[in-house]
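Student: Keeping the supplied structure of chain R fixed, place chain X upon it in accordance with the hints.
Note that the protein sequences, when read in sequence, are chains R and X.
Sequential numbering of the first sequence, starting at 44, is according to the working numbering.
Sequential numbering of the second sequence, starting at 4, is according to the working numbering.
There's no promise every hint is true.
[Claimed, not checked] Reference listing, derived: stretches of chain X covered by chain R, where coverage requires no fewer than 3 residues with Cβ under 8 Å from a Cβ of chain R:
#, segment
1, 28-41
2, 44-50
3, 84-95
4, 101-111
Source of the hints: derived by calculation from the structure; they are not laboratory data.
Positions of the beta carbon are idealized from the N, C-alpha and C atoms, including for glycine.
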Amino acid sequence: ETGVTQTPRHLVMGMTNKKSLKCEQHLGHNAMYWYKQSAKKPLELMFVYSLEERVENNSVPSRFSPECPNSSHLFLHLHTLQPEDSALYLCASSQDRGDHEQYFGPGTRLTVT
Amino acid sequence: GIQVEQSPPDLILQEGANSTLRCNFSDSVNNLQWFHQNPWGQLINLFYIPSGTKQNGRLSATTVATERYSLLYISSSQTTDSGVYFCAVERRKTSYDKVIFGPGTSLSVIP
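Excised from the complex, chain R in its bound form (with noise of 0.2 Å):
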């Protein structure tokens, strides 16, 4: 148990739906994360939030959009997903942004059908 939750544990959803990933993290740090994992690839960092400001990878499609409403909850808004979006989606927070340890969630499994 490493302080950070994600719900749903596993998605599959069609290329027309549009579903939400959900992160809450229990430790009280200020920054949190969305990376993806795709088989064969290294982590890739998506977004990072912290209280001040949102980081945004430029590769990221517009598909993919991420909602911060207080330090402590992040989720990632998914509508017209490609199959090619399949992927492990990973939440991760730390006390602050740099200089500190990054603790990861549990994952959510996305299928896109």
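Tutor: Relative to the frame of chain R, chain X by itself:
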């Protein structure tokens, strides 16, 4: 951008054996972490080690930042050590922090 390499890519050990995993990075970094990803996908922090040496039970790690590498030592390996080991480096830039993961070392410990 910064490149992160890990070696070996795959490793099979007999239970009880020792091993050394390596992480090389192409530029100076501010932070480095080692993670273990279990077969269910959970990433577990092993070490936060931008420099120096740390030990935690059967595991230890050393980072030589000036030579741009880090080593993870596993002693007396157990079947529960199986999984993928990642190093992740962070290089702070003027506008945001960039975390880069290596490709991982896949470890199988057999009884």
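Student: Next, verify each hint and record whether it holds.
Tutor: Okay, the hints, checked on the actual structure:
For the segment 28-41 of chain X, the assignment as covered by chain R holds, since 4 residues bring a beta-carbon within under 8 Å of that chain's beta-carbons and 3 suffice. Counting residues of the segment 44-50 of chain X whose C-beta sits closer than 8 Å to any C-beta of chain R gives 5, which meets the bar of three, so the coverage hint holds. Using a Cβ-Cβ cut-off of 8 Å, 4 residues of the segment 84-95 of chain X lie near chain R, which meets the minimum of three, so the contact claim holds. Coverage of a stretch by a chain is defined here by at least three residues with a beta carbon nearer than 8 Å to that chain's beta carbons; for the segment 101-111 of chain X and chain R the count is 7, and the condition holds.
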